[in-house]
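J.: Make the full structure from the sequences, and use the hints.
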Amino acid sequence: MNILAEPSSYFPSPTISAVQLGPVSINFYALCILAGIIVACWLTDRRLTQRGGQPGQVLDVVLWAIPFGIIGGRLYHVITDYQLYFAPGRDPWDALRIWNGGLGIWGAIALGALGAYIGCRRNGVRFSAFADSVAPGLLIAQGIGRWGNWFNNELYGDPSTLPWAVQIYQMDLSAGRAALDTAGNPIVLGYFEPTFLYESLWSLAAAGVLLLIDRRFKPGAGAVFALYVAFYTAGRFFFELMRSDYANTILGLRVNTWVSGILLIAGTVTFLALRSRPPSTVPRVHGPENENGGSIPHAGTVDKDTL
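Each residue of the sequence shown is one higher than the one before, counting from 0 in numbering that gives the first Met the number 0.
Calculated directly from the structure, the hints in this document are not laboratory data.
Check each hint, because a few of them may be wrong.
Said to hold, decoys possible - Per label pair, the in silico range of CB-to-CB distance: (1) I264 with P22: 31 to 37 Å; (2) F237 with Q49: 29 to 35 Å; (3) W41 with A182: 45 to 51 Å; (4) D244 with W92: 19 to 25 Å.
Since the structure is predicted, the reported quantities are computational estimates derived from the model, not experimental observations.
We put the CB at the ideal spot given by N, CA and C, even for glycine.
T.: This is the structure we're talking about:
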């Protein structure tokens, strides 16, 4: 790793990644993920209600989606970077220490979608309506969650002298702080392209564009989520090319670069195929008739086209 001299200006990184409150360790990576989830849930609830869902209904779905997504994200990371946990001299139990960082977005999306599908089935929500509602929130959550990588001093590119180059410390994540030299000072690895920052800004900007497109053009059911995939992977493809940390490769390209390229094509094609369909909505919920012959809503039976 080529370490450059300290630039005249740079973007500093924290020297701590966690704080200890009695017996409890509070990890900033986890807090960033949690903050992103909270904002995404709030926005998704508003958007799902606009599509005909009940206020608060999104929580019944995300209670299934979140644990599935966390498990899927961790599995994807461990499988694609297995040498970090199962190579000689490594501790396989680190694969379970999710608070130290390491979630693969595509594993999280895949299993999270399965969890959301189960939640939608159990709560009478059309899956396409939930997917289109959650898409901008996912981008915002990813934009916020990337700041967890800042606290962990990870996800950076090549050495840089740019004014916004990020200062990176050698971190001891098990201790929740930067490693120290013999003089007791945090060890600086160097100054690098802040790819985590680029991805965060890209995700937040893409969320704004996606909200604008959905409001103005009202794409067909499933098209908003497909466009989310296309937007996110377009940025992720290039950010992966910029990263300098070790990763497994196929034909000289990082695994995530290949995955991003494939999903960019798939998301674009799917959006073009779905954009002219009617927008996604949540079907009416039917209950017993009231005294005027109308239907009283309740969480009982739903239209047979729920999905």
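J.: Evaluate each hint against the coordinates.
T.: The hints, checked one at a time:
1. At about 49 Å, the CB distance of I264 to P22 disagrees with the hint of 31 to 37 Å.
2. Between F237 and Q49 the Cβ separation comes to about 33 Å, which falls inside the hinted range of 29 to 35 Å.
3. Taking 45 to 51 Å as the suggested C-beta distance range, the pair W41 and A182 conforms, at roughly 46 Å.
4. Distance hint for D244 and W92: a CB-CB separation of about 22 Å, consistent with the stated range 19 to 25 Å.
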